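Number of protein chains: 2
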Amino acid sequence: MNQDYIIPDNWSIIEEGFEPERVCSSESLFSIGNGAMGQRANFEEYYSGNTFQGSYIAGVYYPDKTKVGWWKNGYPEYFAKVLNAPNWIGINVKVNGEMLDLNTCTSVTEFRRELNMKEGWHNRTFKATMPNGIELKVDALRFLSLQEDEAGAIKYSVTLLNSDAEVTLIPYVDAGIENKDTNWEEKFWEPLAVNENGVRGFVTARTLKTKYTACTFMSNSITVDGEVKELTPVAEATKDLLSHTYTTSVAKGSTVSIYKFAGYVTSMNHEVEKLEEAANAVLDTVTTLGFDGLLQTQKDAWAKVWEMADITIDGDVKAQQGIRFNIFQLNQTYTGADDRLNIGPKGFTGEKYGGSTYWDTEAYCIPFYMATKDENVARSLLKYRYNQLDKAIENAGKLGFTNGAALYPMVTMNGEECHNEWEITFEEIHRNGAIAFAIFNYVRYTGDYSYVPEMGLEVLIAIARFWHQRATFSTNRNKYVILGVTGPNEYENNVNNNFYTNYLAQWCINYAAENVAKIKEEYGDDYARIMEKVALTDAEISEWKKVADNMYFPYSEEHNVFLQQDGFLDKELITVADLDKSQRPINQKWSWDRILRSPYIKQADTLQGFYFFEDQFSKEDLKRHFDFYEPFTVHESSLSPCVHSIQAAVLDRMEQAYTFYLRTSRLDLDDYNKEVHEGLHITSMAGTWMSVVEGFGGMRVKDGMLSFEPKIPAQWNGYTFKVNFRNHVLKVNVTQGGTTITVDGDQDLTILLNGEKATAKAALKTI
Amino acid sequence: MNQDYIIPDNWSIIEEGFEPERVCSSESLFSIGNGAMGQRANFEEYYSGNTFQGSYIAGVYYPDKTKVGWWKNGYPEYFAKVLNAPNWIGINVKVNGEMLDLNTCTSVTEFRRELNMKEGWHNRTFKATMPNGIELKVDALRFLSLQEDEAGAIKYSVTLLNSDAEVTLIPYVDAGIENKDTNWEEKFWEPLAVNENGVRGFVTARTLKTKYTACTFMSNSITVDGEVKELTPVAEATKDLLSHTYTTSVAKGSTVSIYKFAGYVTSMNHEVEKLEEAANAVLDTVTTLGFDGLLQTQKDAWAKVWEMADITIDGDVKAQQGIRFNIFQLNQTYTGADDRLNIGPKGFTGEKYGGSTYWDTEAYCIPFYMATKDENVARSLLKYRYNQLDKAIENAGKLGFTNGAALYPMVTMNGEECHNEWEITFEEIHRNGAIAFAIFNYVRYTGDYSYVPEMGLEVLIAIARFWHQRATFSTNRNKYVILGVTGPNEYENNVNNNFYTNYLAQWCINYAAENVAKIKEEYGDDYARIMEKVALTDAEISEWKKVADNMYFPYSEEHNVFLQQDGFLDKELITVADLDKSQRPINQKWSWDRILRSPYIKQADTLQGFYFFEDQFSKEDLKRHFDFYEPFTVHESSLSPCVHSIQAAVLDRMEQAYTFYLRTSRLDLDDYNKEVHEGLHITSMAGTWMSVVEGFGGMRVKDGMLSFEPKIPAQWNGYTFKVNFRNHVLKVNVTQGGTTITVDGDQDLTILLNGEKATAKAALKTI
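Chains as they are written, first to last, in the UniProt record's numbering: chain A, 1 to 767; chain B, 1 to 767.
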């Protein structure tokens with residue numbers, strides 16, 4: 001744990017006191033988003049201190065050129081970077097001509113931030129004394145509307161505390177922004193037009209190369225002590241910025257407020273020529289509703305989200321706050337409303353990881369969205385990959401694969417590979433397996449097999465073809481081997497026979513072959529259509545099976561475990577517990593070569609396989625592998641503790657499960673990995689959800705039936721969660737005394753509770 | 001072999017006929033240089049066809065920022081790139097106002113280039129018909145002066161063949177040049193001043209970041225039919241270019257010639273404020289000598305080089321041309337005159353490899369310079385590394401090594417690492433061993449032990465410390481292992497227990513320990529001084545020895561060979577002979593991941609160890625390893641065939657040795673690796689020299705005595721070479737009938753000839 005300034009609260013994230021060195025961290029933690037756009041918790045008013053400005057529009061990116069010393073064949077030409085979008089929140093404040101800047105105020109007191117997760121808004125209040133002696137109070141409330149997802153709203157109030165003064169409020173929209181991660185001080189937005197119309201203003205700009213056009217708009221109104229003040233703004237425009245200056249005399253004790261509606265309309269959803277028109281339409285809608293009206297729709301929309309997705313924890317405020325923070329951020333990032341979008345590892349909270357789609361979606365996020373939303377949302381995430389199958393085949397082709405083999409990109413915005421380090425792009429091929437696994441997982445959970453004949457089978461065939469070609473025969477071992485890969489543990493690169501990868505490869509081939517047979521049998525028309533397209537023969541399937549049936553898995557007789565990769569036992573096997581704390585996190589302390597030859601595991605790797613394929617191993621197997629690998633795991637990936645938490649719970653190690661749970665659920669709030677200032681770990685938040693529902697709740701799908709083996713950490717009085725299973729909404733309530741499972745409405749549902757059949761309407765059992 | 005247009009000739013490289021698609025290749029092959037600067041064989045006159053413009057100043061570079069998707073700790077911040085320097089050769093030609101451009105002429109005949117290696121000049125002649133119907137003949141002779149190494153000279157003559165015409169000659173100097181390899185269209189030279197003074201002109205410019213200032217200067221004179229024509233040039237200047245325009249009427253059959261003296265003076269050798277003054281001084285010297293006078297000094301200087309370095313081959317013109325081309329280019333690249341300089345893999349012929357110093361210098365070049373120059377030249381190359389020891393210690397420190405351990409950079413301009421791919425920079429650590437080996441090799445050859453107490457021992461200790469810390473103990477193997485390295489075969493990355501690396505590491509520790517003991521014994525004062533500095537204890541040496549004595553070497557019982565690395569036998573062991581030719585070169589046809597998991601060896605790796613440490617293995621050992629590894633070697637590094645040629649000769653496989661010899665000596669002339677247009681493979685040219693002297697000549701140093709086991713390929717009548725050994729110059733003449741070894745002057749020298757003692761003055765023995 002690296003920080004603990006967030007005040008525990010069941011429904012809100014709260015910070016009290018102004019500490020400049022916490023600004024970047026809080027900017028991440030208090031981020032807001034609505035699936036279509038996101039905003040770090042930057043101050044509205046000017047701030048000269050250290051800050052990381054970030055506004056993001058879903059799907060808008062820039063292809064940075066790949067630069068390497070020695071170009072290798074097949075390198076992707078571009079690396080997609082998320083772009084900092086124009087600033088829509090800016091409101092500069094001057095009092096008696098002096099700029100309000102928290103960095104130069106002589107005192108700042110009663111500084112408080114609240115991110116209200118129940119209702120979906122962010123509020124910041126403080127008192128400050130300016131260098132000119134003016135004392136004032138600021139109250140700034142803002143939100144990004146879930147209902148009108150092109151709009152945000154801000155109410156920014158200034159109260160004068162010690163004298164009358166002239167207050168100047170300068171709201172602006174600004175496309176002259178820079179990326180934090182830029183190496184070359186380039187700008188990525190080309191300004192096109194700056195216009196204004198009364199109290200409305202518009203800045204239109206276009207991204208370089210990718211040519212996304214965005215009109216950033218605003219409309220402002222002023223009140224003094226609640227009375228509307230009809231002021232005519234003084235407009236100032238540059239090539240990429242428009243500001244409106246409102247000046248008014250304010251008496252001591254009085255409050256001047258500005259209401260700012262603002263946001264983006266982009267060429268992803270509108271004709272380029274009609275962007276200002278679209279912006280006006282959004283402004284018409286939100287001004288008609290008014291600030292309070294729009295805020296009410298926000299509260300209603302979030303209430304609806306929580307109705308299905310909430311998890312309550314009784315008796316442990318920090319744990320409660322953690323899980324709600326995770327659920328809240330996931331819903332801020334992805335709503336399922338637009339099937340061109342996906343879930344970037346940092347969501348809308350930072351620039352790292354290029355804002356693109358990783359295997360995180362399939363491995364971690366799909367279970368969350370399956371269980372807390374309509375199943376179409378998960379189906380839409382699967383379809384995203386089906387839509388990009390041609391590009392995945394093209395991508396494999398660039399690496400020399402043939403016959404319709406597909407390698408999905410490691411990182412993508414539009415189906416093309418847009419990461420560019422060979423040890424990841426070319427070698428972290430296990431991602432292909434997670435995409436197949438997600439199809440299996442979706443069918444298992446939803447019972448909706450129709451996706452497979454409609455779309456999934458083509459994906460499965462292309463992936464099986466990849467694994468068949470990627471394995472090579474080792475005469476030495478008389479087995480098929482998979483050489484030169486990087487597993488989920490990215491602290492090993494270019495290793496041979498990564499257990500997880502080999503296991504997935506075998507499974508993918510078998511699963512594809514099974515489904516080909518099933519569809520041939522049961523979906524004759526689909527089978528004919530697909531075979532026409534992919535030209536798959538029985539002989540080819542036999543070739544696949546030869547690889548799957550003779551796959552090599554490294555194993556240590558001495559330790560009685562599968563080895564993470566061929567060379568694992570050659571390492572200096574010093575456990576994390578014996579590693580000096582000053583060396584952690586190793587990715588910030590050690591050089592890459594030292595990390596690579598160390599035994600330290602960034603995230604569940606062999607254990608990820610045991611998580612996916614739990615049914616294929618005994619509890620005893622799990623225990624041995626967990627005991628062997630856990631001690632070397634540094635959990636420097638956010639995707640790691642959740643899997644370990646679930647497995648610790650399976651092994652009845654509730655203390656350990658609880659510790660991992662806290663680590664995953666409060667990863668960002670407590671900044672375990674010393675990097676929260678860069679943004680939040682959005683995709684791993686779905687893993688936190690899994691550690692409650694699958695870990696503590698012990699939820700599984702077995703033979704088409706939902707099963708639970710609920711457990712409860714000693715620290716908790718009880719917890720509840722809901723899951724949407726095959727059109728039944730189950731509410732699971734676990735207490736120290738027992739478990740109640742109810743089904744919404746009047747349906748009946750037979751489930752397995754601790755191995756025994758029960759009816760879910762009122763399942764109750766002592767643990 | 002990819003091309004064969006170079007006309008065989010004993011002393012010259014000759015091309016006949018104008019083929020636009022050969023232009024870039026010839027620009028490399030006909031490059032000229034004088035150790036201080038170099039020039040690709042670009043045309044003087046304007047050319048609108050495909051060309052790769054390149055002028056280079058030794059030591060002038062630019063630090064390109066490293067850009068990666070995922071920054072790893074310890075990454076070098078910069079990648080040094082060689083900079084294309086201002087153009088000094090340009091002479092545009094207009095006839096009746098129309099620009100001469102070989103790309104637009106309606107006919108080009110009798111086109112001929114000659115690079116005369118004996119005398120060190122380049123000549124190009126052709127006849128052309130211009131679009132306006134003018135027929136003319138051009139004769140352009142140029143050289144970079146060895147004597148005045150800041151100056152080049154050009155004589156460019158135009159003869160009108162079919163009519164009188166107005167001829168305009170426009171010599172210029174131009175700092176507005178670009179790099180071929182730039183990704184972002186940046187310029188790297190900032191223009192400072194453009195001045196002229198009569199027939200002289202000066203353009204001063206400064207490199208960005210590194211702030212090297214160079215004044216590019218010229219002075220021109222015109223003759224018609226040999227008579228000086230006093231023309232006043234019309235000057236035209238931009239911010240980075242100065243041109244002088246000379247216009248004159250020329251009669252049909254007459255010849256107008258321009259003599260252009262030009263070159264660079266830079267801030268590396270002069271005060272920035274006095275660069276024009278320095279340029280004037282150079283121009284004074286060369287204009288006093290005149291073109292013919294300066295050309296005579298050139299012929300004399302090259303005669304002196306050849307007197308010592310020449311190798312003659314009788315009965316095989318192509319082989320003769322090849323070896324002289326190699327010796328010529330090595331001498332164009334590095335003369336030993338400036339100990340701040342070193343030998344870049346492409347010399348002054350291209351931009352690739354950043355123009356920096358690699359391990360090539362120690363592993364390949366030092367033997368050539370030791371034997372063909374005064375021993376101070378080799379000593380100066382060793383000293384270059386001693387001077388950079390502190391930076392090598394700093395570099396190791398960045399990777400977490402302590403206690404004065406040094407890791408020399410993989411690529412450097414000034415002692416800092418300036419390459420930036422982790423699999424090379426962090427892992428190709430065997431370079432450290434080559435640097436220690438070069439000290440051993442120097443002492444062995446020259447008998448000059450004084451270098452070790454003076455400088456070498458500190459380097460050896462720092463390197464031993466590195467290896468001691470870099471090895472780790474494997475409980476599994478009960479041995480020390482070296483994990484995560486890249487060997488000389490860069491077609492494997494991040495492998496464990498690379499035989500060559502482990503062997504070198506063991507050797508380095510032993511050699512350092514031996515020399516510590518010897519210096520303690522024999523050089524008490526030096527010992528005290530060094531120990532004061534490095535604080536080495538006997539206990540530490542014991543720790544080193546523990547690693548060396550228990551080093552692990554992967555071995556295959558089945559094949560009875562050391563394995564290149566732990567995982568080698570898991571690969572699909574298909575020999576190069578069985579690989580479809582369409583797949584070659586694999587580095588241009590295959591993706592990186594496919595190369596990495598293939599068994600194909602880029603360059604001698606295990607065999608490089610057998611080359612360095614020949615005495616420690618039997619001929620039988622060598623044979624087994626050669627037979628095992630040679631079939632998988634694709635020789636896609638220029639540094640590969642020479643080692644294989646030497647070893648084939650040792651194994652009495654003269655046909656194979658001869659084939660490899662041709663491949664190394666004519667690598668660029670015949671463009672075996674399809675990349676000659678990018679520049680020449682300068683450092684490997686020293687390997688070519690080794691394959692004659694050490695391979696065919698069988699020269700070794702044994703127990704302080706020079707030994708020879710001369711062999712001769714069936715294709716040759718005879719060959720001779722000279723070596724400078726401990727102040728004796730031996731001339732070795734091998735014919736099908738026997739070997740004569742003579743010593744220059746009256747000295748006597750006892751040598752070993754085919755294992756028997758002989759006096760070198762007139763050793764003769766039948767092979």
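Quick caveat, the hints were computed from the structure, so don't treat them as lab data.
What you are looking at is a predicted structure, and each value in this text was computed from that prediction instead of being measured.
Check the hints yourself; a few may be wrong.
Keeping only pairs whose Cα atoms sit at most 25 Å apart, straight-line, the calculated PhoX-like set for lysine-lysine is [said to hold, decoys possible]:
no., chain 1, residue 1, chain 2, residue 2
1, A, Lys187, B, Lys581
2, A, Lys180, B, Lys180
3, A, Lys65, B, Lys72
4, B, Lys674, A, Lys209
5, A, Lys398, B, Lys674
6, A, Lys72, B, Lys581
7, A, Lys589, B, Lys72
8, A, Lys187, B, Lys65
9, A, Lys65, B, Lys352
So, partial list: chain A residues that the calculated Cβ filter (under 10 Å) puts toward chain B [to be verified]:
no., residue
10, Met308
11, Ile429
12, Val481
13, Leu483
14, Asn550
15, Phe553
16, Ser556
17, Glu558
18, Ser591
We put the beta carbon where it would ideally sit given N, CA and C, even for glycine.
How the hints compare with the structure:
1. A:Lys187 - B:Lys581: 47 Å, violated
2. A:Lys180 - B:Lys180: At roughly 29 Å apart (the allowed maximum being 25 Å), B:Lys180 and A:Lys180 break the hint.
3. A:Lys65 - B:Lys72: 19 Å, holds
4. B:Lys674 - A:Lys209: 33 Å, violated
5. A:Lys398 - B:Lys674: Within the cut-off at roughly 21 Å; holds.
6. A:Lys72 - B:Lys581: 20 Å, holds
7. A:Lys589 - B:Lys72: Within the cut-off at roughly 10 Å; holds.
8. A:Lys187 - B:Lys65: Cα-Cα ~18 Å, so holds.
9. A:Lys65 - B:Lys352: 19 Å, holds
10. Met308: 36 Å, violated
11. Ile429: 8 Å, holds
12. Val481: For A:Val481, the interface hint holds, since the closest Cβ of chain B sits about 5 Å away, which is under 10 Å.
13. Leu483: 4 Å, holds
14. Asn550: Since the shortest Cβ distance to chain B is 14 Å, the answer is violated.
15. Phe553: Nearest chain B Cβ about 14 Å off; hint violated.
16. Ser556: 9 Å, holds
17. Glu558: Nearest chain B Cβ about 8 Å off; hint holds.
18. Ser591: Since the shortest Cβ distance to chain B is 3 Å, the answer is holds.
Hint check: violations occur at hints 1, 2, 4, 10, 14, 15; the rest are consistent with the structure.
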